[in-house]
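Participant: Next come the chains, spelled out residue by residue.
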Amino acid sequence: MSQPFRRPSGGRIDRSRPLAVTFNGKQLEGFAGDTVASMLIASGQHLAGRSFKYHRPRGILSHGSDEPSALLSVDWRADRGAGYRDPNNRASVVEARDGLVVNTQNHWPSLETDVGAVNDLLSPIFVAGFYYKTFMWPRKFWDRVYEPVIRKAAGLGEAPEVRDADRYSNRHAHCDVLIVGAGPAGLAAALAASADGEKRVILADEGFEPGGALLNDVTSEIDGKPAMAWVAETVATLDARENVVILPRTTAFGYYNHNHVCMVERVSDHRADAPEGLARERLWQVRAGEVVLAAGSHERPLVFENNDRPGIMLAESVRAFVNRWAVLPGNELVVVTSSASAYRTALDAKAAGMRVSIVDIRLDADCGTELSLARDGGITVRTGHTVIKALGGKRVTGLVVAPISANGSIGEKTTLACDCVAMSGGWTPSVHLFSQSRGKLRFDVELDAFVPGTSAQAERSAGACRGVYDLSAVIADGAKAGGGSSTPQATVSFAGFQPVRVLPTDADATKIKAFIDFQNDVTAKDIKLAVREGFESIEHVKRYTTTGMATDQGKTSNMNALGLVAGILDRPLPAVGTTTFRPPYTPVTFGALIGPARDELFDPVRRTPIDPWAEKNGAVFEPVALWRRAKYFPQAGEDMHAAVARETKAVRTTVGIFDASTLGKIEVIGPDAAEFMNRIYTNAWLKLKTGGCRYGLMLREDGFVYDDGVVARLAEDRFHVTTTTGGAPRVMRHMEDYLQTEWPDLDVFLTSITEQWAVIALQGPNARKVLEPFVSEIDLAEDAFPHMTVKTGYVCGVPCRLFRVSFTGELGFEVNVPADYGEAVWKTLYEKGQKHGITPYGTEAMHVLRAEMGFIVVGQETDGTVTADDLGLSGLVSKVKTDFVGKRSLTRPDMVAEGRRQLVGLLTKNPDEVLDEGAQVVDDPGQPIPMKMIGHVTSSYASSNCGRSIAMAMIDGGRTRIGETVFVTTPAGFTEAVISNAVFYDVKGETVDA
Amino acid sequence: MLLIDCPYCGKRPEVEFHCGGEAHIARPEMPTAVEDADWGSFLYYRTNPKGLHAERWLHGHGCGRWFNALRDTVSDAFVATYEMGKPRPDRDEATASSPSNA
Ligand SMILES: [Zn+2]
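For the record, the sequence lines run as chains A and B. Heads up: the first sequence runs through residues 1 to 994, numbered per the UniProt record's numbering. Heads up: the second sequence runs through residues 1 to 102, numbered per the UniProt record's numbering.
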């Protein structure tokens, strides 16, 4: 493809730097400074895709980020393999560079011949609300017909098939003034805001060159200089200021609370020479003192039959292509307008060599100076005319136009042959970010637009985004928003337009397609139907027809849809409402949002000091809170069941070694430490002797069990508290809360020491034998070191806090050593313990062993509605203490009511059957549904030590029902079980004192 | 994301904090002397004002201190943050609706 439509000179392209892009397998030629859209137009290619619903041929509508139609799949780094392609890139914002591989979307077998275009003929079934109407019935059609067929036929682009191979980065920034948009208003604001050098200023613009609309302007002058010379000078001034950061290719897409603005910067997509590893995009999270919105405005399309034919474009976009990119979007141009600004397009296009005529909806009397300028320039202007329809299929070939008489009737039709149409229905200020900031919009009748009303944050809008269109006024407005002032002398802009919603026609409105929303294929007919069916609020019309709900957020379509609904209902436009604008302003890649938080960094895994040993020794891991813990250590040929049976057996017969490092640990220190413990826990602490341990139970103020764990008193003023693995952070927070807010008089400090200590549990009859050779300064003898005591000394020469405790019911020690020594001590104990039959066990065996003893796990037996008494632990609740957290709640009527759910054991009739945890329990499986549930299973295991399955359950009034038969749900139906005591092994508790 | 002015550290992003609900609800001196209904109110009943609301906040991923804040529930503006134990500052609603919170 050569460039037959490239003008011989001019434009903001660098003709010394030619480049090529692969488009649908063919070479497309262009220059640095081009977009893919301008290259397509240079080659004469207007057909750029098929539409969402009807598969209609679509071209390029716009030159900016509001483009709804020309959506391309782009492989940014085809030379680097898979993972660099993404769909739905707007051709108008994809900066051209060597090596891009782009393809059109939504067609099969090809762009030119698309089978899906049959949808255009079947369009009666795709009317407004067709999702709701079509998919109602029959049910089974949903999976087999609607879903697969319609998903294939409709939709935009194809999701990437492999994971994104690119890198994305993330950056936080602070500034005094953030300016969004580097058009004349934004540049003037930046100049003013940065003038005294005091304020840190960030100026961000979504384009790759600053200037905004001035980039398309070859006639305007500012203070006697061409407009772009003013832009260049201003940018140079700003560049030279240390306090200004200019960010091109950076879209502010979200405006959140407290002036938190999120922006995405395209870092390397435009660089053919981008080194591998350079981030593709960077997410900026900016916290700004003040925000100046200078986001410009969007041109409105006109609504007439076949207004979506390729070659029909927005008028300002035609001007942009002709002037900025030096390409002609055709030879024969008709400008259709109700807006003065389009006359500038006509004049510039004519100057560039296109044959031009103008069709103006307005009457002569309603036009300004632009009319005589055009006529004097030799352009035929048909005022008071409407467009009946566009001719042509894959490219517009003509327009049927007609005069509208004073009584509104349509006069004699004329066909104007053309290959390009520039349309303008006026302008809509871009209030998206203002609206996101929760500012209140105000409808301005003169401007026929919503403009910023009351601000909700420290923010100001300037220029076209608040309806200021004349160039001198725009610059003055920007300077003012930046905290300064400026009175430039600039060329007077052609401004003002007459609002039109749907162009008058004598055609049967129910038979024609005049598009309002190009991206979601919503026509004027659809909106009329929705209103006829009773949808009157724009929010309802929007959801029913999907107008404005595509990825372009209705930038080009919103006002036409609103105006049409208001017109049909004969209500003032604001009475119909405006839609809420939500982030993102333009689509944002998931990559940018996620940044580096993927793979290993997505949800970082906490590992214990002994984790490397466990991995080397074949552990199967499970996640517990943020930790990964060894679940079991299978030997060759073992499944989990076999491994756990072996591990639990070893603990009861020889000795097991277990990594308990994840236990939460908090040190409570200070003269009032015992008093603090006394208030936080249910049991008594004042009399616990130094060197003693106690199982502590902690309630919330509402009386329900919050956490539990063994606590050791290391000194008069020092407690070593353990918590559940998952509960450590919230227990710490809970303790700090009371200490800081209720009892600030207590002299206590809390320190999290979870990460500081590795914990190695030795459990089983041989535990002492394993430990003895390595201990110094501690006497391990039964009478010197009884159950539930703590001693400090050395293990393997390493300082240690040695706990004589057991979560298995066996003789047990928990060896706490500084984390850095954890693995070394573990290895030593494990290797030297071989002769005593030492066996590593994981969390699954730990669970089985504690369940055999009837020990609870907070969060498994409890669910935030369980009391100590429900668990059979009322003995741990002090009757003597006058107060502790949760005490008062224990006497509330519901807490002492009969029939509360209580912890019991369940023994299945079939000893080999293992119940499901969470299974529901009923008395009578024959009762009608819905059945009365009397409880649920909380823990359930196969126990090799008991020679059968065991389960714990919470049952209504359970402790009074020992021995009764109940029925438990299983996937195969109900099964029988007998309620038992929740202790299954060593009921007398003898093994622990060995 | 809110920007919260910790009285001890200064302005920090919301993700560093944890909200602890309504402030200035004192735990009774001797809970066992409180009637059931009053204890129920202490546990569960909270105001839900439109406008200024005094809340407890914990700078958990920072200094670890609890403090109180006056937040406008309509605009999300933080009108004041103050140390635990200090009385609720005397501010009128008009201050809260000011857009300046930077
Ligand atoms: Zn702090």
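I should point out that these hints are in silico values taken from the structure, not numbers from a laboratory. Here a beta-carbon is modelled for each residue, glycine too, at the ideal position from N, C-alpha and C. Treat each hint with caution, since some may be false.
Only some residues are given here: those of chain B computed to face chain A with a beta carbon under 10 Å [stated by the list, open to error]: (1) I4; (2) C6; (3) P7; (4) M30; (5) G40; (6) L70; (7) Y82; (8) M84; (9) R88; (10) P89; (11) D90; (12) R91.
Participant: Decide, hint by hint, whether the structure agrees.
Facilitator: Do the hints match the structure? See the list:
About 9 Å separates the beta-carbon of I4 of chain B from the nearest beta-carbon of chain A, less than 10 Å, and the hint is met. For C6 of chain B, the suggested interface contact is broken, since its CB lies about 13 Å from the closest CB of chain A, more than 10 Å. For P7 of chain B, the suggested interface contact is broken, since its CB lies about 13 Å from the closest CB of chain A, more than 10 Å. Contact between M30 of chain B and chain A, as hinted, is supported at the beta carbon level, the nearest pair being about 7 Å apart and thus within 10 Å.
With a cut of 10 Å, the hint placing G40 of chain B at the interface with chain A holds, because the nearest CB-to-CB distance is about 7 Å. Because the smallest distance between the Cβ of L70 of chain B and any Cβ of chain A comes to about 15 Å, over 10 Å, the interface hint for this residue is violated. Interface restraint check for Y82 of chain B: the shortest CB-CB distance to chain A comes to about 13 Å, outside 10 Å, so the restraint is violated. Because the closest C-beta pair between M84 of chain B and chain A is about 5 Å apart, less than 10 Å, the hint holds.
The closest approach between the C-beta of R88 of chain B and any C-beta of chain A is roughly 14 Å, which is over the 10 Å cut-off, so the hint fails. For P89 of chain B, the interface hint is violated, since its Cβ never comes within 10 Å of a Cβ in chain A; the closest pair sits about 18 Å apart. For D90 of chain B, the suggested interface contact is broken, since its CB lies about 21 Å from the closest CB of chain A, more than 10 Å. For R91 of chain B, the shortest C-beta to C-beta distance to chain A is roughly 18 Å, which exceeds 10 Å, and the interface hint is violated.
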